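K.L.:
Between the sequences and the hints, there should be enough to build the whole structure, so can you do that?
With the sequence shown counted from 1, adding 4 to any position gets you this note's numbering.
Don't read these hints as lab results, they were simulated from the structure.
All values reported here derive from a predicted model rather than from experimental measurement.
Among the hints, a few may not be true.
[What the hints assert, rightly or not] For lysine to any residue, the following SDA-like pairs were computed, each having C-alpha atoms within a straight-line distance of at most 20 Å: (1) 13 with 67; (2) 40 with 52; (3) 13 with 46; (4) 48 with 63; (5) 40 with 17; (6) 40 with 25; (7) 13 with 45; (8) 13 with 30; (9) 40 with 74; (10) 13 with 36; (11) 40 with 67; (12) 13 with 50; (13) 40 with 66; (14) 13 with 73; (15) 40 with 6; (16) 40 with 62; (17) 40 with 26; (18) 13 with 53; (19) 40 with 21.
[Said to hold, decoys possible] Distance windows between CB atoms, simulated: (20) 48 with 76: 25 to 31 Å; (21) 79 with 12: 33 to 39 Å; (22) 15 with 50: 18 to 24 Å; (23) 72 with 49: 32 to 38 Å; (24) 52 with 77: 19 to 25 Å; (25) 15 with 73: 21 to 27 Å; (26) 15 with 46: 31 to 37 Å; (27) 76 with 55: 18 to 24 Å; (28) 70 with 37: 32 to 38 Å; (29) 73 with 17: 19 to 25 Å; (30) 13 with 69: 29 to 35 Å; (31) 20 with 52: 23 to 29 Å; (32) 13 with 74: 19 to 25 Å.
Each residue gets a CB set at the ideal place from its N, CA and C atoms; glycine is no exception.
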Amino acid sequence: MGRYLFRAKRELRGVVRRSFLDGGTQDRDLATGFRKDADALREKGLSRAAAVAQALAERYGFDAEHEDSETAEFRDP
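P.N.:
Now the structure itself:
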């Protein structure tokens with residue numbers, strides 16, 4: 005069930021628009037939010053839901069790094 009929630013939440017984001025040199029800012033913000041959600045869910049004893057939120061945070065963190073590396077080549081040195 006967790007993997008279905010993970011996928012559904014990722015797909016709810018839909019199409020993403022970002023400025024040319026924005027990098028992974030949006031993804032990093034999402035990762036931060038999901039980390040906070042995971043912590044709150046853990047405190048409430050909802051470990052499975054917390055695991056899904058943590059997995060989403062990790063994925064968006066990875067996406068942020070990817071977007072940063074994609075835009076790095078276009079930034080001034």
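K.L.:
Take the hints in turn and mark each one as holding or not.
P.N.:
Hint-by-hint comparison with the structure:
no. : hint                   : in the structure
1   : 13 with 67             : 15 Å, holds
2   : 40 with 52             : 15 Å, holds
3   : 13 with 46             : 19 Å, holds
4   : 48 with 63             : 23 Å, violated
5   : 40 with 17             : 18 Å, holds
6   : 40 with 25             : 27 Å, violated
7   : 13 with 45             : 16 Å, holds
8   : 13 with 30             : 15 Å, holds
9   : 40 with 74             : 27 Å, violated
10  : 13 with 36             : 15 Å, holds
11  : 40 with 67             : 18 Å, holds
12  : 13 with 50             : 17 Å, holds
13  : 40 with 66             : 17 Å, holds
14  : 13 with 73             : 25 Å, violated
15  : 40 with 6              : 18 Å, holds
16  : 40 with 62             : 12 Å, holds
17  : 40 with 26             : 23 Å, violated
18  : 13 with 53             : 12 Å, holds
19  : 40 with 21             : 24 Å, violated
20  : 48 with 76: 25 to 31 Å : 39 Å, violated
21  : 79 with 12: 33 to 39 Å : 34 Å, holds
22  : 15 with 50: 18 to 24 Å : 22 Å, holds
23  : 72 with 49: 32 to 38 Å : 35 Å, holds
24  : 52 with 77: 19 to 25 Å : 40 Å, violated
25  : 15 with 73: 21 to 27 Å : 24 Å, holds
26  : 15 with 46: 31 to 37 Å : 25 Å, violated
27  : 76 with 55: 18 to 24 Å : 32 Å, violated
28  : 70 with 37: 32 to 38 Å : 18 Å, violated
29  : 73 with 17: 19 to 25 Å : 20 Å, holds
30  : 13 with 69: 29 to 35 Å : 20 Å, violated
31  : 20 with 52: 23 to 29 Å : 27 Å, holds
32  : 13 with 74: 19 to 25 Å : 23 Å, holds
Of the numbered hints listed earlier, those contradicted by the structure are 4, 6, 9, 14, 17, 19, 20, 24, 26, 27, 28 and 30.
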